[in-house]
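K.L.:
Sequence:
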Amino acid sequence: MHVTQPPASLPSGTRWRITETGLGPIGFLVRRSQRRTIGLAVSKEGLMVTAPSWVTLGSIDQAVRDKAAWITDKLKSQHDKARQAALAETQWCHGGRIPYLGQRIQLSVPGEHDTVWFEGYPHAPIDGDILHLPLPPSAQPEHIRKQATLWLQDQAGIVFDERLRFFSQRHGLTPRSWRLSNAATQWGSCSSLGRIALNWRLIHFTPDIIDYVVVHELAHLQEMNHSTRFWQQVRSMLPGFEQQRAALRAFSPRSLPLL
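For the sequence shown, position 104 matches number 104 in this note's numbering, and the numbering has no gaps at all.
Source of the hints: derived by calculation from the structure; they are not laboratory data.
One should not assume that every hint holds.
Computed list of lysine-lysine pairs in DSBU-like fashion (alpha-carbon distance at most 35 Å, straight line) [what the hints assert, rightly or not]:
#1 76 x 44
#2 81 x 67
#3 67 x 146
#4 146 x 74
#5 146 x 76
#6 74 x 44
#7 44 x 81
#8 44 x 146
#9 67 x 44
Small disclaimer: the values here were computed from a predicted structure and weren't measured.
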């Protein structure tokens with residue numbers, strides 16, 4: 001990810017420069033200062049190089065070339081963050097689409113009822129089903145997100161409970177209790193006391209991936225580790241689970257609903 005076009009207006013005291021590197025051209029702003037060394041900083045505005053007044057442009061170019069890999073990685077990260085933020089904003093609006101049980105459902109604001117209403121079959125959705133939210137047309141994205149999230153969490157509680165009961169009864173592994181979690185890095189967990197937590201954001205995924213996480217945590221009631229015996233237990237409960245595990249590894253909870 002390279003920026004080769006200058007910003008619409010240059011910040012005071014800066015100049016625009018482009019340097020050729022082994023990874024392609026990199027454009028950046030140069031600012032002179034009283035510091036003793038060359039400093040490089042990447043923000044959402046791009047790369048800023050701050051250098052002492054006595055340092056030549058050639059030395060600045062060389063510093064950029066030396067750090068080209070790091071700069072490119074940081075610029076890509078900033079670009080991805082900006083893209084995700086823009087996508088998230090467009091999702092939480094009338095006509096926005098969000099993932100639900102592996103399908104893309106559409107948000108309708110204002111809703112046609114006084115309560116949240118799903119136009120379709122909640123536990124067997126298809127692309128284009130509509131979630132009606134009783135909010136005014138002027139509702140802000142944050143309010144839309146909160147109300148849609150509450151509905152998604154309610155559905156997660158229903159779906160996850162049903163799948164836990166199904167596998168518990170089939171395999172004789174019953175947790176002491178279970179709850180929804182809002183963890184930023186874990187899809188599920190099982191404590192030594194037999195208490196299971198399932199990340200509510202799993203409701204964005206297809207049912208087979210939800211089943212994998214449910215089975216994974218139930219298997220910990222038998223094996224509180226990730227040993228060979230643990231994975232044998234998972235396989236006995238859900239043959240072919242490897243495909244679901246691989247699909248889930250492409251995401252982290254904090255990245256959703258940007259599927």
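K.L.:
Each hint: holds or not?
P.N.:
Do the hints match the structure? See the list:
no.	hint	in the structure
1	76 x 44	holds (10 Å)
2	81 x 67	holds (21 Å)
3	67 x 146	violated (42 Å)
4	146 x 74	holds (31 Å)
5	146 x 76	holds (29 Å)
6	74 x 44	holds (10 Å)
7	44 x 81	holds (9 Å)
8	44 x 146	holds (27 Å)
9	67 x 44	holds (18 Å)
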